[in-house]
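J.: Take a look at the letters that make up each chain.
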Amino acid sequence: MGRFVPVAAVLGILSIAISFAFAADTYEVDPAHSFVIFRCLNVAQANSVFVYGRFTDIKGRIVADKDLAKSSVEITINAESLDTGVPERDKHLKSPDFLNTRQFPTITFRSKKVEAAGKNRYRVTGDLTLHGVTRPITITVTKVGEGKNFKGVSVIGFETTFTIKRSDFGMKGLMNVAGNEVTLTVAIMGIRK
Amino acid sequence: MAFFVKSALTLTLPPFIVVTLILLVASVVSKRSPQNLSRFLTALAVAVGYTIGHGIATGSLSLIPKSVEDWLPLLAFAALTFSLLENLPKIPAPIRLSLRLILSVASISVLLMPLAALSLPSKLGWAFVLGLMLAVFWTGLDELSEKQTEAVLPLSLSVVAAINSAALFVSHSAKLSQLSGVLAAVLGTMFLFWLWQRQWSMAKGASGVFSLLFFGINVSGMFYADLPLLSAIFLWLAPLSGWILKLPFSKNLPNWSQIVLQISISLLLVAFGVGIAVRLHGLPTFG
Chain A
1 MGRFVPVAAV LGILSIAISF AFAADTYEVD PAHSFVIFRC LNVAQANSVF VYGRFTDIKG
61 RIVADKDLAK SSVEITINAE SLDTGVPERD KHLKSPDFLN TRQFPTITFR SKKVEAAGKN
121 RYRVTGDLTL HGVTRPITIT VTKVGEGKNF KGVSVIGFET TFTIKRSDFG MKGLMNVAGN
181 EVTLTVAIMG IRK
Chain B
194 MAFFVKSALT LTLPPFIVVT LILLVASVVS KRSPQNLSRF LTALAVAVGY TIGHGIATGS
254 LSLIPKSVED WLPLLAFAAL TFSLLENLPK IPAPIRLSLR LILSVASISV LLMPLAALSL
314 PSKLGWAFVL GLMLAVFWTG LDELSEKQTE AVLPLSLSVV AAINSAALFV SHSAKLSQLS
374 GVLAAVLGTM FLFWLWQRQW SMAKGASGVF SLLFFGINVS GMFYADLPLL SAIFLWLAPL
434 SGWILKLPFS KNLPNWSQIV LQISISLLLV AFGVGIAVRL HGLPTFG
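Line by line, the protein sequences give chains A and B.
Quick note on my numbering: the first sequence kicks off at 1 and runs consecutively.
Quick note on my numbering: the second sequence kicks off at 194 and runs consecutively.
Because the hints were derived from the structure by calculation, they are not lab data.
Warning: the hint list may mix true and false statements.
Claimed, not checked - Derived Cβ-Cβ restraints for the label pairs, each shown as a range:
1. B:Thr478 <-> A:Arg54: 18 to 28 angstroms
2. B:Leu278 <-> A:Arg54: 44 to 54 angstroms
3. B:Gly468 <-> A:Pro87: 20 to 30 angstroms
4. A:Phe35 <-> B:Ala310: 22 to 32 angstroms
Where is the CB? At the ideal position from N, CA and C, for every residue including glycine.
Work out the full structure: start from the sequences and follow the hints.
T.: Set out below in structure tokens:
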């Protein structure tokens with residue numbers, strides 16, 4: 001009994017240490033260092049140019065766990081924050097012609113599965129909700145880096161580029177104005193809570 | 194220019210063909226059968242013609258609406274069904290008008306309910322006010338269609354819907370602009386058909402379907418795009434310009450003068466409607 005108590009204590013401390021070491025880290029998406037950029041072919045301009053734009057209001061949460069099954073990501077984008085640099089075009093893109101932001105004010109992504117896909121690369125499967133339509137997508141995400149920033153706060157950053165068809169999300173009109181394929185680059189940085 | 198011509202033809206040609214075919218059937222039926230059936234077929238021509246054009250413009254037709262404009266073909270068919278009921282001779286006028294008001298408020302309600310930024314009481318308030326305006330518009334147009342046996346009304350409605358599409362385009366919605374263009378094409382087809390079959394009034398029966406679509410497109414433009422309320426009011430008044438002919442001074446005018454007067458008032462009102470939208474938003478400079 002005398003020997004058992006110190007062994008149990010050591011094991012207990014060890015298990016607490018291990019659980020801390022493998023505990024999930026939760027990060028809050030930092031809007032100042034997160035970017036959602038899109039590009040779409042301008043068909044009305046004789047397919048001669050891509051229009052680029054971004055969403056400036058991004059929120060979300062990243063749960064990073066060594067056990068990838070416990071990792072997750074949730075991103076919410078304010079669709080009204082769309083900015084292509086031309087206010088008139090922004091209003092057009094936000095109208096019922098495309099995003100219909102007054103009916104569908106947010107774009108969300110919620111992961112369902114995270115798998116390894118190489119060094120610092122992950123295959124993330126989840127539901128993308130856009131224009132009121134939810135569809136499963138699988139994207140390959142690269143971890144750009146992690147560590148303590150200049151303030152000593154733990155941060156982590158990921159980036160991905162993928163292409164969707166707007167018609168898959170109920171935006172089937174005006175194909176003679178804007179292309180069907182929209183390429184999105186999502187770069188997010190999370191600040192550890 | 195070729196871009197706009199191609200777009201306009203793609204949108205308007207299929208509705209033109211379908212409306213012409215239905216009106217052909219209606220003109221045959223009207224010679225042999227009760228008036229109510231020909232009225233129903235006229236309303237059917239507008240509803241089906243619009244729905245085909247709507248499908249081309251939006252790329253889809255859905256029985257379960259997702260985006261707000263998906264409701265518009267369903268409203269057209271609700272008005273079509275209602276026109277069947279309305280033409281039953283035994284329904285007393287007060288009940289008929291009450292049912293019309295209920296359908297009007299319900300139609301505006303379904304368009305406003307998906308709006309994310311407006312509270313429920315605000316949505317209901319707007320639905321009641323705009324629904325009441327729609328019911329008055331519908332009744333006014335219906336009365337005009339009974340009184341005007343010429344093709345002035347389809348021509349006037351077609352011109353108004355065509356210019357209305359310009360107001361919607363300026364208000365940042367090319368899609369709603371196209372839908373108004375489709376409505377203009379359908380009414381324009383009715384007018385062209387009248388040029389060929391002059392014995393028959395085209396406007397009768399179609400006023401309910403036109404009213405719900407015309408209001409529905411502009412309410413969508415107001416709340417989901419940037420069509421100014423004042424523009425919408427002028428545009429809604431324009432189809433009712435025929436009422437000017439009920440004023441004492443215009444009754445003694447020759448027939449052609451009355452037509453010119455009605456069309457001129459219509460054009461003046463739509464010019465105000467478009468002008469206000471242009472003044473607020475400017476002309477589109479991007480593409």
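J.: All the hints need checking, so say for each whether the structure fits it.
T.: Now for the hints, and whether the structure bears them out:
1. Distance hint check for Thr478 of chain B and Arg54 of chain A: the Cβ-Cβ separation is about 21 angstroms, which falls inside the suggested range of 18 to 28 angstroms.
2. For Leu278 of chain B and Arg54 of chain A, the hinted distance range of 44 to 54 angstroms is satisfied, since their beta carbons lie about 52 angstroms from each other.
3. Between Gly468 of chain B and Pro87 of chain A the CB atoms are about 21 angstroms apart, so this pair conforms to the stated range of 20 to 30 angstroms.
4. Restraint check, Phe35 of chain A to Ala310 of chain B: a C-beta distance of roughly 26 angstroms satisfies the suggested window 22 to 32 angstroms.
Against the hints set out earlier in the document, no violation occurs for any number.
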